[in-house]
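Read top to bottom, the protein sequences are chains G and V. This note's numbering puts the first residue of the first sequence at 1, with every later residue one more than the last. This note's numbering puts the first residue of the second sequence at 1, with every later residue one more than the last.
Just to be clear, a hint being listed does not mean it is correct.
As the list claims (entries may be wrong) - Simulated pairs of lysine-lysine, DSS-like, Cα-Cα distance not exceeding 30 Å: (1) K63(G) / K32(G); (2) K108(G) / K496(V); (3) K117(G) / K438(V).
Rather than coming from a laboratory, the hints here were simulated on the basis of the structure. Predicted model only: the values in this text are computed from it and were never measured.
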Amino acid sequence: MNRIFWLFLAAAAMAAAQQSDSGAEGDAANGKILFTRIGCYQCHGYAGQGGRAGARIVPMPMKAQDMIRYVRRPPGEMPAYTEKVVSDGELRDIYAYLKCFPPPKAVKDIPLLNSIKGQ
Amino acid sequence: MGRSKKTSCDRRNFLKGAASGAAALLTATPAAQAQQPQEPRRGAPAPSAHQVAMETAPPAPRMDVYITDRPGADFMVDVLKSLRFDYICANPGSSFRGLQESFINYGGNQDPEWITCCHEESSVAMAHGYFKIEGRPLLILAHGTVGLQHASMAIYNAYADRVPVYIILGNEQEINFRRGDVEWKHSVQDAASMVRDYTKWDDSPISLGHFAESAVKAYKIAMTPPMEPVVISANGQLQEEPIPEQDRRTLRVPKLTLASPPAGDSGAVAEAARMLVEAENPLIYAGRVARTPNGIKLLVELAETLQAPVQDRRHRMVFPSRHPLYNSGSISDADVIMGLEVADFWFATHRQTPLNRLGMVNRPAVKPGTKLITITAEDLFSRSNYQDFGRYAEVDLSLAADAEATLPALIAACRKRITPDRRRAMEERGKRLAERHKENRDRDFDDAAYGWDASPVSTARLSAELWNQIRHEDWSLVSEAAFVSNWPGRIWDFDKPYHYIGGHGAYGIGYGAPAAVGAALANKKHGRLSVNIQCDGDLNYAPGVLWTAAHHRIPLLTVMHNNRAYHQEMMYLQDMANRAQRRPDQAQIGTAIANPNIDYALMAKAYGMYSAGPIDNPSDLGPAIRAAVEVVKRGEPALIDVVTQPR
Numbered sequence: 001m002n003r004i005f006w007l008f009l010a011a012a013a014m015a016a017a018q019q020s021d022s023g024a025e026g027d028a029a030n031g032k033i034l035f036t037r038i039g040c041y042q043c044h045g046y047a048g049q050g051g052r053a054g055a056r057i058v059p060m061p062m063k064a065q066d067m068i069r070y071v072r073r074p075p076g077e078m079p080a081y082t083e084k085v086v087s088d089g090e091l092r093d094i095y096a097y098l099k100c101f102p103p104p105k106a107v108k109d110i111p112l113l114n115s116i117k118g119q
Numbered sequence: 001m002g003r004s005k006k007t008s009c010d011r012r013n014f015l016k017g018a019a020s021g022a023a024a025l026l027t028a029t030p031a032a033q034a035q036q037p038q039e040p041r042r043g044a045p046a047p048s049a050h051q052v053a054m055e056t057a058p059p060a061p062r063m064d065v066y067i068t069d070r071p072g073a074d075f076m077v078d079v080l081k082s083l084r085f086d087y088i089c090a091n092p093g094s095s096f097r098g099l100q101e102s103f104i105n106y107g108g109n110q111d112p113e114w115i116t117c118c119h120e121e122s123s124v125a126m127a128h129g130y131f132k133i134e135g136r137p138l139l140i141l142a143h144g145t146v147g148l149q150h151a152s153m154a155i156y157n158a159y160a161d162r163v164p165v166y167i168i169l170g171n172e173q174e175i176n177f178r179r180g181d182v183e184w185k186h187s188v189q190d191a192a193s194m195v196r197d198y199t200k201w202d203d204s205p206i207s208l209g210h211f212a213e214s215a216v217k218a219y220k221i222a223m224t225p226p227m228e229p230v231v232i233s234a235n236g237q238l239q240e241e242p243i244p245e246q247d248r249r250t251l252r253v254p255k256l257t258l259a260s261p262p263a264g265d266s267g268a269v270a271e272a273a274r275m276l277v278e279a280e281n282p283l284i285y286a287g288r289v290a291r292t293p294n295g296i297k298l299l300v301e302l303a304e305t306l307q308a309p310v311q312d313r314r315h316r317m318v319f320p321s322r323h324p325l326y327n328s329g330s331i332s333d334a335d336v337i338m339g340l341e342v343a344d345f346w347f348a349t350h351r352q353t354p355l356n357r358l359g360m361v362n363r364p365a366v367k368p369g370t371k372l373i374t375i376t377a378e379d380l381f382s383r384s385n386y387q388d389f390g391r392y393a394e395v396d397l398s399l400a401a402d403a404e405a406t407l408p409a410l411i412a413a414c415r416k417r418i419t420p421d422r423r424r425a426m427e428e429r430g431k432r433l434a435e436r437h438k439e440n441r442d443r444d445f446d447d448a449a450y451g452w453d454a455s456p457v458s459t460a461r462l463s464a465e466l467w468n469q470i471r472h473e474d475w476s477l478v479s480e481a482a483f484v485s486n487w488p489g490r491i492w493d494f495d496k497p498y499h500y501i502g503g504h505g506a507y508g509i510g511y512g513a514p515a516a517v518g519a520a521l522a523n524k525k526h527g528r529l530s531v532n533i534q535c536d537g538d539l540n541y542a543p544g545v546l547w548t549a550a551h552h553r554i555p556l557l558t559v560m561h562n563n564r565a566y567h568q569e570m571m572y573l574q575d576m577a578n579r580a581q582r583r584p585d586q587a588q589i590g591t592a593i594a595n596p597n598i599d600y601a602l603m604a605k606a607y608g609m610y611s612a613g614p615i616d617n618p619s620d621l622g623p624a625i626r627a628a629v630e631v632v633k634r635g636e637p638a639l640i641d642v643v644t645q646p647r
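Just chain G, with the same shape it has in the complex (with noise of 0.2 Å):
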């Protein structure tokens, strides 16, 4: 049993570094002519902060495999890119772009919204 836990974990360590690293493999450059080319921008947005048609991806919250996974089979209204539109390698690439973008400045560092918040 305590074998078996071990190597449990072990594996799960050695899946969540790969993880880690694969986002780390992109070429944000790319990724970032990607995600205009093959259209993220139309419902996410140029900066990724999404609206009424997708999510906000940034900060992307998924790691690198997961948000592959995600993009191949999307449970909701999203179009499934498969292989054939899009490789994992460019997927990498996309994600390593939307990894660039630093986190937004709170609403109270931003003095126009914070002032029409607070009125």
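Put chain V on the given structure of chain G with help from the hints.
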């Protein structure tokens, strides 16, 4: 039918003469006088050689002058003035030239005043927007053929948005009155047939008395819920020929008495009250319930009585956006949902997911056992061909009645049933909903911060910058907010009836710009600052309405949501490409509005309007809007072109 005094030439020459004004036509012309036979006097001197020559020479060709002492159109104007239209929106057309001349000269171009439109679709959409501010229809004049063909999409929008638009069509029914080829092409047997599927009533009167009765009847029908467009054909012969002598003593303008809207049956109202009061999580789903400003007050009263959340279909301004009960509920949590004037209630209670090649997957959005109530005048009138009525909704209690007219009785019935125990439960619910409302609002502002400094400008930033410049004014948003991810609804403070007019009705693009100008025309006399967030694709259908705004000095701030695409269609195309597993990058073809980019500031300037842009740096936006607001406050239209994120 009486005949005109025919003393000269043809009707074409008459029309040239008519341009100098009806008043001039009422005086006898020299030519007319020359046609009066003279009696020879006894004992008169012998005729001169010249006179003899005149008498014996062959007669000169007869030169008749076609004059009318009181055209039928004058009476038509009397009838239409009795209906108290403020404005006529029209692109000029020969089939209603008689009416146009009478409105201007006989009617004095006042009440209604003529508004020059560059497209019939603009005329109708202006009336659509005007009604949603003022609660009264405008008068549209159009050719019965080519004009109505232009107007038809806008009529369908108004129909689907339950807006009364009053349309008079010019038509020359009598073949002997048609001038050549053009008027044959512009004549039609049954003018209204083209739009009969999406109008409520029409008629083609064959006499002036008939016109009077039908014109008043049409107004009454249009204004009875569910309110819809109506069409009356005005025969050219009736317009242009004199009022028959025998009719002059008897013609009269019928009295207009609007029908009071039907309220729900008292037993059904009591049952609805029971269901709502006994519910643990009732939810009010509001469509076009606020038919008048009082509708908003009544809805607030009902929601507060029940401490029930209100979800808004955003067809109109129906509930204050910062009220703690606004959008604080959840369809999936509700045990009783009441739809008020919701045309597509099925969609409120279901979720759809497209499934490749298998159509749509439909899932109930409500939990099992949830009771559904509808109160709507939609149940009192429907047509079958166009499918705007939506899917059949299976409900537990259905009141075929006007919701606003029913609310007072429903509120009273609810109050009567509320016990102290229920009162305590409702108060607890109200506290929870207020907390959720605050959480939603905080989340909306947090969301607005994403992409704040992005270029193109985010729609959240655009909405925030705009709100910052207008929030201390008496403002009115005269455009649809859905295309900018409803940011105004999320961060502005909507609480007055004129703060929001909703959208197209039938999603017919080309509505936005003219509806905004029409709504701004209504706001003008109230001194309100009208604001239009204008989609670029929409403006390109009929941009001439910018000239109408400039020409008639209609104060309106237009801020372009210039995403350089028919963006909804671009997303659909990308969806299709992904389903077919090929080249989503081709979705730009046929949907992008770029290369070259359209310079909307230059376009507005060409139409005589103040403008600025294109602006793609968000920090430039605030000062540009501030300057434009000053122009609008001086009574002029202005346009700011902003290059924006897609949604």
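K108(G) paired with K496(V) [C-alpha distance capped at 30 Å]: Roughly 28 Å between the alpha carbons, so the hint for K108(G) and K496(V) holds.
Hey, K117(G) versus K438(V), does the alpha-carbon distance stay inside 30 Å? holds (11 Å)
What's the verdict on K63(G) and K32(G), does the C-alpha distance respect the 30 Å limit or exceed it? holds (18 Å)
Taken one by one, the earlier hints all hold for this structure without exception.
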